[in-house]
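Asker: Given the sequences, and given the hints that come with them, work out the whole structure.
Keeping their order, the protein sequence lines are chains A and B. Residue numbering for the first sequence follows this note's numbering, starting at 5 and increasing by one per position. Residue numbering for the second sequence follows this note's numbering, starting at 10 and increasing by one per position.
It should be emphasised that the hints constitute simulated quantities derived from the structure, not laboratory data. Worth double-checking, as some hints may not be accurate.
[What the hints assert, rightly or not] With a cut-off of at most 25 Å between alpha-carbon atoms, the simulated SDA-like pairs for lysine to any residue come out as follows: (1) A:K22 - B:K66; (2) B:K236 - B:R33; (3) B:K66 - A:N9.
[Claimed, not checked] Coverage of chain A stretches by chain B, computed from C-beta distances (three or more under 8 Å per stretch; other residues unrestricted): (4) 77-85; (5) 204-210.
[Claimed, not checked] What follows is a list of derived Cβ distance ranges for each label pair: (6) B:E102 - A:F14: 48 to 58 Å; (7) A:M5 - B:G196: 42 to 52 Å; (8) B:D141 - A:T218: 49 to 59 Å; (9) A:F235 - B:S241: 52 to 62 Å; (10) B:E128 - A:F45: 32 to 42 Å; (11) B:S142 - A:V117: 30 to 40 Å.
All figures in this text were calculated on a predicted structure; none of them were measured in a lab. Glycine is no exception: its CB is placed at the ideal position from the N, C-alpha and C atoms.
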Amino acid sequence: MWRDNLRGIFYIALKDLKTYYFKPPAVSWGIVFPITWILAFYLRNPGSFEELVPGLIAMTILFSTTAAEAVVINFELRLGSLERLLLAPISISAVLFGKVLGGVVFGFLMTTVVTTVCVVMLGLHPNVLYLILIILPSLFVFSSLGALLCVMVKEVFEAQTLLNLPRFLMIFLSGVIYPVAKMPVALQHFAHALPLSYTVDGLRSSFSGGLSETIFFHALALIGFFILFIFPAVKLLHKKFE
Amino acid sequence: MNKDTVIRVSDLTKRYGEILAVNRIDFEVEKGETFGFLGPNGAGKTTTIRMLTGLSKPTDGKASVLGLDVNSEIARIKKRIGVVPEISNLYDELSAMDNLIFMAQLYGVPSSERVQKAEELLRTFRLHERKDSLFGTFSRGMKRALTVAAALIHDPEVLFLDEPTVGLDVVAARSLRNLISNLRRQGITVFLTTHYLEEADLLCDRVAILAKGRILAIDTPLSLKAKTDKKSLEEAFMKLTGLEPEVLAIEKGK
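Answerer: Put into structure tokens, the structure is as follows:
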């Protein structure tokens, strides 16, 4: 059974990448939007662009992993093609993991492009191992967050609306463009409950040669968020088919 | 259990809150048989298929397919059955060929056989010339045919067809019926739900008549007609389901 599930996860992710992700809307949402946002902020407050790079990478992770999540889940639920997948010898959990993996792979490709361009053009010297330790769990966290919010609603537009709430909340409160340390204390506490804060902080440490303990702590926190999001998502999808 | 019994259902029940969709039904389907499940809308036909194919858990009772329990061995069952849902739910954004290849991948068809099997099915279902066209551009009949083809990509032993010809024009429906007849000749057990009684009369070895979640009769179409003293299966169905007086009243009202 596990072999059937692994095969299902792989081919569902592959199909989603081909069908939904490598299309102009997903690419523009996943990569153009974060770049435009950061450039707009930079032009408004010119300074060191290097300081904005962790925020740019974090936003790319967030937006690219969730770029087509509403479509791959809610649209397919509506059309019945998600049910088609459940007729195959794979579990509901495997179907959801396949959907999440599609977002992760697309996010990984987009993030790699943005990170490489930033590193080469700005002559940065990040710790590559630290970057991987932060980027990989972050991809899973935000893709599973997208999946969770999508299975909570029925329609594609509802999912997009619901997804925008944590997206924009995290952009403003997770240190993407404004440092968490400079925010009011209450908001600082709130920021620690947001997964993107750990992504941004971890990426900042990767670029500035931070302590390995900090990186590992952030990576662990992100894995915790992934577990927190994926299990209810699987449970809710199960409920939809009961 | 008879060794040739492919589907065995005993006291199968499905309840959605207060609604009793399927009410303690019993039946058996033999190997190589084309078995029709007939009933008006809301009779419990689709609910029964969903329970037998693992999309829905029975509230009570037992069911087995190919000797495997639907509650505890559904993954093993799914590998050996094909399902054609009521809605043609393949992927609009994929071509006919890509849809079949994707299904072959999900069912674990060896990579060396996938293209060949898909090509064969596309020829059988007369879709080969449109193999690179997107599913979304197909007519309803072509979509239905490709959905049946997709259900056969892994050589299932049992094929579940839920309202296979609903919404199709006369030519497409006739063509699909011929394909279903061919499946029987190949030895595939077919479980078919329909509310087109002529279709059932034409295709099925035996039929079960269902109304309000209960099975009212199971027999060959010929025997049902004889027992009810009616000339057509439709008339026999009306008599068995108690709809005959209502129909007569409507006709008198004319």
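Asker: Now tell me if each hint is right for this structure.
Answerer: Here is what the structure says about each hint:
1. A:K22 - B:K66: 33 Å, violated
2. B:K236 - B:R33: OK: K236 of chain B and R33 of chain B at ~24 Å, within 25 Å.
3. B:K66 - A:N9: 20 Å, holds
4. 77-85: holds (count 3)
5. 204-210: violated (count 0)
6. B:E102 - A:F14: 48 to 58 Å: 19 Å, violated
7. A:M5 - B:G196: 42 to 52 Å: Check failed, 28 Å falls outside 42 to 52 Å.
8. B:D141 - A:T218: 49 to 59 Å: 53 Å, holds
9. A:F235 - B:S241: 52 to 62 Å: 55 Å, holds
10. B:E128 - A:F45: 32 to 42 Å: For E128 of chain B and F45 of chain A the Cβ distance comes to about 54 Å; the hint is violated.
11. B:S142 - A:V117: 30 to 40 Å: Since the Cβ atoms of S142 of chain B and V117 of chain A sit about 33 Å apart, the hinted range of 30 to 40 Å holds.
Violated hints, listed in ascending order, are 1, 5, 6, 7 and 10; each of the other numbered hints is respected by the structure.
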